[in-house]
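Since the structure of chain V is provided, determine the placement of chain P on it from the hints.
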Amino acid sequence: GIQVEQSPPDLILQEGANSTLRCNFSDSVNNLQWFHQNPWGQLINLFYIPSGTKQNGRLSATTVATERYSLLYISSSQTTDSGVYFCAVDTSGTYKYIFGTGTRLKVLA
Amino acid sequence: EPEVTQTPSHQVTQMGQEVILRCVPISNHLYFYWYRQILGQKVEFLVSFYNNEISEKSEIFDDQFSVERPDGSNFTLKIRSTKLEDSAMYFCARSTPLAGGSDTQYFGPGTRLTVL
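Quick note, the sequences are listed as chains V and P, same order. Residue numbers are given in the numbering used here: position 52 of the first sequence equals residue 52, and the series is strictly consecutive. If you want the numbering used here, it's the 1-based position in the second sequence plus 109.
One chain only, chain V, in its complex shape (with noise of 0.2 Å):
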């Protein structure tokens, strides 16, 4: 099946530094999204990406689907930014999403 890696694991950032994330995946896909995991739990979109670039305020995300990679950029940071950030992916249009490893990050005030 699908690979799906993300680096770094883990990540910590003074408050306003920026920072880029990074997915790695090992097939085609269809679909993907990128996920912010709050320290509650919940799993909060944040951006649908299988192609092309797409920004919302201080966040970013490129998917260069032909080099099978994915980048989430995150500028200016804040202490709610903590989380875990994960994409997934979709290879086979089936609507069944493989997550990746995750990334921790954590902001420092």
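The hints are all genuine.
In silico lysine to aspartate or glutamate, EDC-like type, Cα no more than 16 Å apart, as pairs:
1. K187/P x E127/P
2. K151/P x E5/V
3. K166/P x E153/P
4. K151/P x D10/V
5. K187/P x D172/P
6. K192/P x E127/P
Just so you know, these hints were derived from the structure itself, not from any lab.
Positioned in the frame of chain V, the structure of chain P alone reads:
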């Protein structure tokens, strides 16, 4: 975006007991999913449900699991005889795939299941 609600938020049960987890969609969506997340691990797909039938299931979704939408509204996951390793957060998700296959899934807040 309208999401789904899940009940209960936390369920504690004894090993061997049956549990039913519920998912209540706010909107009238056709596709529903169950995922689980063992503490500290990644989220894993269990089953997808479309038009009142299982569309796809993972190897985790064995005979002790079942899903149904008994009243056309609530979407339930039943675990017949719980084991210690069933302790996890269970997420319900919904989507409305578009023509061409694009699909954004929205997750509920989860039910934390603790098996003692």
